[in-house]
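S.K.: We have chain A; now place chain B onto it with these hints.
Chain residues, written in single-letter form:
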Amino acid sequence: MTVADKVVVDSNLAAVLARLEAGAAGVDDAIEEELGEMAVGFFEDLTGFGAKREGGKVRRQLAFPGNGIWPVGERFRPLKSDYYVRHDRAGNRDLPAKSRPIVESGRSINAWRMDLKGATLRLINNARTNKRRHYSRFVHKVGDPVGQALKDAEAAFESRASDASKAIGKSVAKLIGGGNG
Amino acid sequence: MADPAPIEYQRDLGSMLGASPGDLTPALQQQIGSAIDDLIDDWREELIEVWPRDTGHSFTLWESFRSGFVVTLRNPVEYAGYVHPEGGTDGESWDSMREFFEAAARSLVATFAPLVRADRRQPTGVRNADLASAERDRPPAVSATRALKVLAGRKPARNLSVFRGVRRALERVSSAERARARDRGRTRTRVR
Numbered sequence: 676m677t678v679a680d681k682v683v684v685d686s687n688l689a690a691v692l693a694r695l696e697a698g699a700a701g702v703d704d705a706i707e708e709e710l711g712e713m714a715v716g717f718f719e720d721l722t723g724f725g726a727k728r729e730g731g732k733v734r735r736q737l738a739f740p741g742n743g744i745w746p747v748g749e750r751f752r753p754l755k756s757d758y759y760v761r762h763d764r765a766g767n768r769d770l771p772a773k774s775r776p777i778v779e780s781g782r783s784i785n786a787w788r789m790d791l792k793g794a795t796l797r798l799i800n801n802a803r804t805n806k807r808r809h810y811s812r813f814v815h816k817v818g819d820p821v822g823q824a825l826k827d828a829e830a831a832f833e834s835r836a837s838d839a840s841k842a843i844g845k846s847v848a849k850l851i852g853g854g855n856g
Numbered sequence: 015m016a017d018p019a020p021i022e023y024q025r026d027l028g029s030m031l032g033a034s035p036g037d038l039t040p041a042l043q044q045q046i047g048s049a050i051d052d053l054i055d056d057w058r059e060e061l062i063e064v065w066p067r068d069t070g071h072s073f074t075l076w077e078s079f080r081s082g083f084v085v086t087l088r089n090p091v092e093y094a095g096y097v098h099p100e101g102g103t104d105g106e107s108w109d110s111m112r113e114f115f116e117a118a119a120r121s122l123v124a125t126f127a128p129l130v131r132a133d134r135r136q137p138t139g140v141r142n143a144d145l146a147s148a149e150r151d152r153p154p155a156v157s158a159t160r161a162l163k164v165l166a167g168r169k170p171a172r173n174l175s176v177f178r179g180v181r182r183a184l185e186r187v188s189s190a191e192r193a194r195a196r197d198r199g200r201t202r203t204r205v206r
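Residue numbers (the numbering used here), protein chains in the order written: chain A, 676 to 856; chain B, 15 to 206.
Chain A extracted, bound-state conformation (with noise of 0.2 Å):
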């Protein structure tokens, strides 16, 4: 290695790890793109979000009512009431005395959201019930036990986070190597 070439080594490492301790925009671009398509995935997987065929037509398949992890088909009366509609585990309801339609909620799907603290990636969902207690822990498909599907989530985060792992590892080397020359 020649002097001049240990020179522009050493400068684009310094340059590197400049970017990497000033967090440059592009290592946490890169960062983010990761964690973006990680974060996507998960929701496609707690929705089932998609696509899908139908006597030979494409159809976008509705979100509701849960054809993904979590069960969106919940049902509930609108507006400040204070009775959930339950079902058993056979999927029989509980219907409510009081005459007000039933709707399709979405209540504790739309109570997901995943922030970042530090290299901590936490996944929270705060819903709670119009007597304001968190219940997401609880909920469940007709027929699974009680907080399955919260445990089948939390197993989907762990394989997407896992995965967006490995590609922010890659990313942040890539650049580095770029770097390098």
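Hints are computed from structural coordinates only; laboratory data are not their basis. Don't take every hint at face value.
Stated by the list, open to error - Simulated crosslink set (SDA-like; lysine to any residue; CA at most 25 Å straight-line):
id, chain 1, residue 1, chain 2, residue 2
1, A, K806, A, K792
2, A, K792, B, Q24
3, A, K806, B, G47
4, A, K806, B, D55
Stated by the list, open to error - Derived DEER-like restraints, expressed as beta-carbon distance ranges:
id, chain 1, residue 1, chain 2, residue 2, range
5, B, G102, A, S834, 35 to 41 Å
6, B, D104, A, R807, 34 to 40 Å
7, B, E100, A, G793, 51 to 57 Å
8, A, D838, B, E191, 18 to 24 Å
9, B, S175, A, Q823, 26 to 32 Å
10, B, Q136, A, R807, 25 to 31 Å
11, A, Q823, B, E116, 36 to 42 Å
12, A, K841, B, E63, 38 to 44 Å
13, B, T86, A, G793, 18 to 24 Å
14, B, P40, A, G818, 41 to 47 Å
15, A, V817, B, E63, 22 to 28 Å
16, B, P66, A, G818, 17 to 23 Å
17, A, T795, B, R134, 32 to 38 Å
Idealized CB from N, CA, C, for every residue including glycine.
M.R.: Same frame as chain A, but now just chain B:
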């Protein structure tokens, strides 16, 4: 479609009240925080009523939460800002949701403004509570966490946002394209 239109909206109810959480007694901080949580619940309920759902994609990607007295409402989907009911105009749904929130926020501020004024007249000894730490201690209803090895063993990443990443990912490869790719039977949903 014109420019992509994800939604990112933040409202600092503390500044509307003329007080930050640290200025208030713990009891009032807690009361206001809880009222803001209720407001967010009501907003979500309104969203369920108002937001049109064809595939449910933009509906499910809404995020609504508070940090201190700051409320964030946001949606990374590239067409969220254009969503409207059948026969409506572009963006009507978000306009309606924003108006709902702003009206509810004004009402909350009107309710708490006299309490905030009274609270400020109290001796300073009872203030300076650290509600923020109490909030941090309170676990979210559901929380799964995972440490990511970002930056190859160096310091963890700074100021990175998952939301920004999702927004960018959906701007790069549209939701429709992702749905089509999935339909083509790919095993990976990741589209490059």
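S.K.: Evaluate each hint against the coordinates.
M.R.: Status of each hint after checking the structure:
1. A:K806 to A:K792: With Cα atoms ~30 Å apart, A:K806 and A:K792 exceed 25 Å; violated.
2. A:K792 to B:Q24: holds (19 Å)
3. A:K806 to B:G47: holds (17 Å)
4. A:K806 to B:D55: holds (11 Å)
5. B:G102 to A:S834: 35 to 41 Å: Holds, since B:G102 and A:S834 (Cβ atoms, about 39 Å apart) stay within the stated range.
6. B:D104 to A:R807: 34 to 40 Å: Check passed, 35 Å falls within 34 to 40 Å.
7. B:E100 to A:G793: 51 to 57 Å: For A:G793 against B:E100, whose Cβ atoms are near 45 Å apart, the range 51 to 57 Å is violated.
8. A:D838 to B:E191: 18 to 24 Å: Holds, since A:D838 and B:E191 (Cβ atoms, about 20 Å apart) stay within the stated range.
9. B:S175 to A:Q823: 26 to 32 Å: Taking Cβ atoms as reference, B:S175 and A:Q823 lie about 31 Å apart, which means the hint holds.
10. B:Q136 to A:R807: 25 to 31 Å: holds (28 Å)
11. A:Q823 to B:E116: 36 to 42 Å: holds (39 Å)
12. A:K841 to B:E63: 38 to 44 Å: For B:E63 against A:K841, whose Cβ atoms are near 42 Å apart, the range 38 to 44 Å holds.
13. B:T86 to A:G793: 18 to 24 Å: holds (20 Å)
14. B:P40 to A:G818: 41 to 47 Å: Check passed, 45 Å falls within 41 to 47 Å.
15. A:V817 to B:E63: 22 to 28 Å: This hint holds: roughly 25 Å between Cβ atoms.
16. B:P66 to A:G818: 17 to 23 Å: violated (30 Å)
17. A:T795 to B:R134: 32 to 38 Å: holds (37 Å)
Checked against the numbered hints given earlier, this structure breaks hints 1, 7 and 16; the rest are met.
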